[in-house]
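Chemist: Protein chains in written order, with our numbering: chain V, 538 to 774; chain U, 538 to 774; chain G, 538 to 774; chain C, 538 to 774.
Derived from the structure by calculation, the hints contain no laboratory data.
Hints are not guaranteed to be accurate.
Which copy is meant is left open, so a pair is good if it fits within one copy or across any two.
Below, simulated EDC-like cross-link-like pairs (lysine to aspartate or glutamate); rule was C-alpha separation at most 16 angstroms, straight line [unchecked claim]:
#1 575 with 668
#2 718 with 554
#3 747 with 672
There are 4 protein chains.
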Amino acid sequence: MGSFDAIKQAAFTANMDLFKSGLVIATFGNVSELDKGKGVFAIKPSGVPYASLTVEAMVVVDLACTVIEGRLRPSSDTRTHAVLYKNFPGIGGVCHTHSPFATAWAQAKRPIPILGTTHADHLTQAIPCTEVMSDETIRGDYETETGNLIVRCFRDLSPREIEMTLVACHGPFTWGENAQKALYNSAMLEEFAKMAFLTTQINPGIQPLKPTLIEKHYRRKHGGDAYYGQINVTMEK
Amino acid sequence: MGSFDAIKQAAFTANMDLFKSGLVIATFGNVSELDKGKGVFAIKPSGVPYASLTVEAMVVVDLACTVIEGRLRPSSDTRTHAVLYKNFPGIGGVCHTHSPFATAWAQAKRPIPILGTTHADHLTQAIPCTEVMSDETIRGDYETETGNLIVRCFRDLSPREIEMTLVACHGPFTWGENAQKALYNSAMLEEFAKMAFLTTQINPGIQPLKPTLIEKHYRRKHGGDAYYGQINVTMEK
Amino acid sequence: MGSFDAIKQAAFTANMDLFKSGLVIATFGNVSELDKGKGVFAIKPSGVPYASLTVEAMVVVDLACTVIEGRLRPSSDTRTHAVLYKNFPGIGGVCHTHSPFATAWAQAKRPIPILGTTHADHLTQAIPCTEVMSDETIRGDYETETGNLIVRCFRDLSPREIEMTLVACHGPFTWGENAQKALYNSAMLEEFAKMAFLTTQINPGIQPLKPTLIEKHYRRKHGGDAYYGQINVTMEK
Amino acid sequence: MGSFDAIKQAAFTANMDLFKSGLVIATFGNVSELDKGKGVFAIKPSGVPYASLTVEAMVVVDLACTVIEGRLRPSSDTRTHAVLYKNFPGIGGVCHTHSPFATAWAQAKRPIPILGTTHADHLTQAIPCTEVMSDETIRGDYETETGNLIVRCFRDLSPREIEMTLVACHGPFTWGENAQKALYNSAMLEEFAKMAFLTTQINPGIQPLKPTLIEKHYRRKHGGDAYYGQINVTMEK
Numbered sequence: 538m539g540s541f542d543a544i545k546q547a548a549f550t551a552n553m554d555l556f557k558s559g560l561v562i563a564t565f566g567n568v569s570e571l572d573k574g575k576g577v578f579a580i581k582p583s584g585v586p587y588a589s590l591t592v593e594a595m596v597v598v599d600l601a602c603t604v605i606e607g608r609l610r611p612s613s614d615t616r617t618h619a620v621l622y623k624n625f626p627g628i629g630g631v632c633h634t635h636s637p638f639a640t641a642w643a644q645a646k647r648p649i650p651i652l653g654t655t656h657a658d659h660l661t662q663a664i665p666c667t668e669v670m671s672d673e674t675i676r677g678d679y680e681t682e683t684g685n686l687i688v689r690c691f692r693d694l695s696p697r698e699i700e701m702t703l704v705a706c707h708g709p710f711t712w713g714e715n716a717q718k719a720l721y722n723s724a725m726l727e728e729f730a731k732m733a734f735l736t737t738q739i740n741p742g743i744q745p746l747k748p749t750l751i752e753k754h755y756r757r758k759h760g761g762d763a764y765y766g767q768i769n770v771t772m773e774k
Numbered sequence: 538m539g540s541f542d543a544i545k546q547a548a549f550t551a552n553m554d555l556f557k558s559g560l561v562i563a564t565f566g567n568v569s570e571l572d573k574g575k576g577v578f579a580i581k582p583s584g585v586p587y588a589s590l591t592v593e594a595m596v597v598v599d600l601a602c603t604v605i606e607g608r609l610r611p612s613s614d615t616r617t618h619a620v621l622y623k624n625f626p627g628i629g630g631v632c633h634t635h636s637p638f639a640t641a642w643a644q645a646k647r648p649i650p651i652l653g654t655t656h657a658d659h660l661t662q663a664i665p666c667t668e669v670m671s672d673e674t675i676r677g678d679y680e681t682e683t684g685n686l687i688v689r690c691f692r693d694l695s696p697r698e699i700e701m702t703l704v705a706c707h708g709p710f711t712w713g714e715n716a717q718k719a720l721y722n723s724a725m726l727e728e729f730a731k732m733a734f735l736t737t738q739i740n741p742g743i744q745p746l747k748p749t750l751i752e753k754h755y756r757r758k759h760g761g762d763a764y765y766g767q768i769n770v771t772m773e774k
Numbered sequence: 538m539g540s541f542d543a544i545k546q547a548a549f550t551a552n553m554d555l556f557k558s559g560l561v562i563a564t565f566g567n568v569s570e571l572d573k574g575k576g577v578f579a580i581k582p583s584g585v586p587y588a589s590l591t592v593e594a595m596v597v598v599d600l601a602c603t604v605i606e607g608r609l610r611p612s613s614d615t616r617t618h619a620v621l622y623k624n625f626p627g628i629g630g631v632c633h634t635h636s637p638f639a640t641a642w643a644q645a646k647r648p649i650p651i652l653g654t655t656h657a658d659h660l661t662q663a664i665p666c667t668e669v670m671s672d673e674t675i676r677g678d679y680e681t682e683t684g685n686l687i688v689r690c691f692r693d694l695s696p697r698e699i700e701m702t703l704v705a706c707h708g709p710f711t712w713g714e715n716a717q718k719a720l721y722n723s724a725m726l727e728e729f730a731k732m733a734f735l736t737t738q739i740n741p742g743i744q745p746l747k748p749t750l751i752e753k754h755y756r757r758k759h760g761g762d763a764y765y766g767q768i769n770v771t772m773e774k
Numbered sequence: 538m539g540s541f542d543a544i545k546q547a548a549f550t551a552n553m554d555l556f557k558s559g560l561v562i563a564t565f566g567n568v569s570e571l572d573k574g575k576g577v578f579a580i581k582p583s584g585v586p587y588a589s590l591t592v593e594a595m596v597v598v599d600l601a602c603t604v605i606e607g608r609l610r611p612s613s614d615t616r617t618h619a620v621l622y623k624n625f626p627g628i629g630g631v632c633h634t635h636s637p638f639a640t641a642w643a644q645a646k647r648p649i650p651i652l653g654t655t656h657a658d659h660l661t662q663a664i665p666c667t668e669v670m671s672d673e674t675i676r677g678d679y680e681t682e683t684g685n686l687i688v689r690c691f692r693d694l695s696p697r698e699i700e701m702t703l704v705a706c707h708g709p710f711t712w713g714e715n716a717q718k719a720l721y722n723s724a725m726l727e728e729f730a731k732m733a734f735l736t737t738q739i740n741p742g743i744q745p746l747k748p749t750l751i752e753k754h755y756r757r758k759h760g761g762d763a764y765y766g767q768i769n770v771t772m773e774k
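Work out the full structure: start from the sequences and follow the hints.
Modeler: See below:
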């Protein structure tokens with residue numbers, strides 16, 4: 538068994554789960570899983586249809602994006618993943634989709650407001666939307682700069698409390714302790730985006746959820762006083 | 538066979554049917570079934586994915602929410618279920634979802650107006666939306682207070698004629714004679730919410746259905762003159 | 538073999554196809570098929586879930602709605618079907634759904650404008666929406682009056698060219714040469730309703746399709762100069 | 538093996554894939570594949586349901602639309618396909634659907650603005666929408682004129698860079714190097730149409746993507762500097 542088999546298997550499974558989730562069509566999207574000890578991650582090869590994806594086709598790269606194992610080119614978004622791994626301590630998975638509701642908010646250049654407890658169960662703020670990238674930066678190392686744009690957007694935010702963002706004009710990136718959690722966050726983000734879309738259509742003047750409710754719901758699931766879920770049971774896939 | 542097997546099986550089946558219904562994703566939602574004689578109910582354990590749910594994992598609690606049988610923590614919404622069982626005489630099942638259209642109306646803090654006969658076939662009024670919980674109450678026993686909020690919202694309403702509500706900023710709760718009927722009501726509520734959304738988008742000035750039509754459709758299905766369905770046949774799942 | 542087996546089988550198949558189509562949920566909807574020679578039709582029994590429907594459960598009634606064969610009550614909408622069979626010469630099937638987009642236009646009390654060639658391939662006008670029923674009539678024989686409302690709406694329209702309508706505040710009824718064609722028309726109506734919804738959201742000032750385009754598309758499929766489809770092949774299910 | 542077997546098989550597979558894609562219902566839509574050497578193409582027969590389609594039923598016609606092989610009438614849109622094959626050098630497949638979001642933009646007589654990188658990954662401009670056909674032309678050879686309308690719309694556009702269009706009041710046509718690529722483009726177009734719909738609902742004042750971002754994303758996938766996908770691997774179905 539090769540030394541990268543675990544992350545290749547984890548990345549493969551998460552990419553296949555992404556496809557089955559209905560969040561992406563065609564070759565859209567990619568998920569990666571980091572080996573925190575070795576500082577390398579496994580990611581989907583670029584432009585390969587999900588139907589013909591295999592564990593063996595996964596590409597292993599280091600944080601400088603040098604291919605360590607694999608015969609195919611890694612996803613064109615690989616450098617964005619690498620920037621997130623380097624700057625967001627403790628994360629072990631990154632997921633990128635073009636899911637329609639989240640992408641629509643990104644294209645509208647609008648953060649997704651926190652309007653209900655579904656959202657507050659997971660994070661305490663609006664889903665941030667990055668700045669639009671400057672022309673100079675676009676002409677540079679574009680995928681690295683996409684990562685930098687996200688990192689800059691999180692200057693005053695905690696990437697461990699808010700494990701998701703919208704890249705303006707582009708679409709969502711999410712992350713988490715591993716690839717499955719990053720994928721889970723992509724599914725949640727799409728649901729928040731859909732609910733926020735419907736809510737603002739029904740009541741255009743709606744205001745964000747009040748702080749006490751946000752705090753209460755977030756604390757039900759996170760931190761020392763959490764009482765959602767089981768104590769010694771893995772809960773979420 | 539244990540003395541709680543019947544309600545555990547009923548609650549398990551309703552929770553699995555909830556997942557198959559498409560009304561919820563991930564670990565969202567929960568359904569419970571009451572044993573009216575024993576004053577105990579079976580409910581989904583907290584945060585367990587539907588794919589790994591079993592009959593044995595269902596948790597049996599009494600109306601004070603003490604665990605009577607089961608090794609796992611009950612759903613974090615258990616105390617809300619208990620308040621409904623204690624205050625709404627005759628009900629035997631409660632269902633909670635975050636289905637997107639109903640949740641959007643709840644987030645918009647708007648009751649769902651009665652705009653057509655699909656809605657009037659089931660109840661004679663708008664689906665009520667509770668007040669937003671006060672800050673003092675949020676800091677207290679939150680899930681019990683969520684139940685109290687619903688009960689207060691039904692001060693002047695009949696919970697046997699209107700077996701569903703929206704909790705403002707949160708989402709829908711429904712109930713009925715058993716878990717399956719509560720689940721059925723959640724599916725109906727989502728359909729009314731979707732139709733009301735589309736209707737108000739098409740005609741923002743639309744007025745509620747007139748009383749004669751409401752009365753007629755409701756009486757077709759309910760009360761002594763009902764002529765919908767079969768006399769001696771169980772009709773609805 | 539009983540003398541009503543053919544229409545019972547046709548009605549059963551069309552009702553099951555209705556359920557599989559996704560146009561209805563729960564026990565919503567009903568389809569009937571007429572035996573033109575005998576003046577009787579087979580229809581779904583009232584309130585029976587599709588999952589437990591059988592050919593034997595179909596109810597055969599005459600045009601006065603007297604049950605001729607079958608142990609169950611016929612659909613509560615049976616009298617509406619009968620009025621259509623009596624007043625729209627040549628039709629052999631009727632279908633009623635609560636499909637969401639068509640029902641939303643009915644609840645909005647708006648005809649569905651003819652905005653494109655998908656619609657014009659099938660009929661040359663807006664899908665009419667009936668008047669709202671008067672209070673006196675609602676208190677009378679409601680289902681017969683629903684049929685009368687539709688017939689009155691077609692005073693100046695041809696029910697063979699426009700095989701569908703919206704009943705205001707209620708939902709769609711469609712018909713055709715047999716149950717399958719009536720069901721096909723319900724699916725088409727839902728598609729026109731969805732496209733018209735999206736179109737008017739994108740361009741609220743959109744005007745109806747111009748008469749030359751309507752005429753051209755309708756003539757491609759209907760009348761002596763039709764050139765869509767095969768000459769001796771049954772085309773549409 | 539007949540000399541047209543390859544294009545008949547390709548056209549059959551693409552038509553069946555079109556149906557499975559969910560982009561069309563009933564008998565809507567058609568895909569064709571061209572034999573560039575022989576100057577003939579295989580297309581779906583008119584009005585035949587997808588469920589009963591076979592390879593043998595595919596109709597082979599030349600660019601004058603004379604039937605070369607096949608017992609059935611070709612699709613009523615055949616002459617539109619022929620015009621595109623004659624005027625857009627190098628294309629080998631054409632696809633026509635009535636997918637709801639793309640059709641809604643066509644009915645709204647609006648080009649689909651380029652609002653994000655999902656769109657820019659595939660083409661650098663808004664999806665054009667043709668003029669509405671003149672009354673004189675409608676009364677002529679309508680399907681040929683539909684093709685002419687598209688060709689005229691591409692006077693100043695490259696049909697190899699923009700492999701899709703909306704025909705005003707009608708719906709989308711797409712093309713590509715073969716039938717599968719044309720079908721892929723129809724699926725992409727529907728996704729762009731859906732995202733643009735949601736985006737403009739969220740932010741009605743949204744402006745098109747800026748040129749530098751359009752250029753960057755398009756160049757990632759197209760031209761000599763492309764770095765998306767694999768060098769020697771067929772990527773997209």
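Chemist: For each hint, tell me whether it holds in the structure or not.
Modeler: Tested hints:
no. : hint         : verdict
1   : 575 with 668 : neither (33 angstroms within a copy, 53 angstroms between copies)
2   : 718 with 554 : within (12 angstroms within a copy, 25 angstroms between copies)
3   : 747 with 672 : between (38 angstroms within a copy, 9 angstroms between copies)
In this structure, the one hint that does not hold is number 1.
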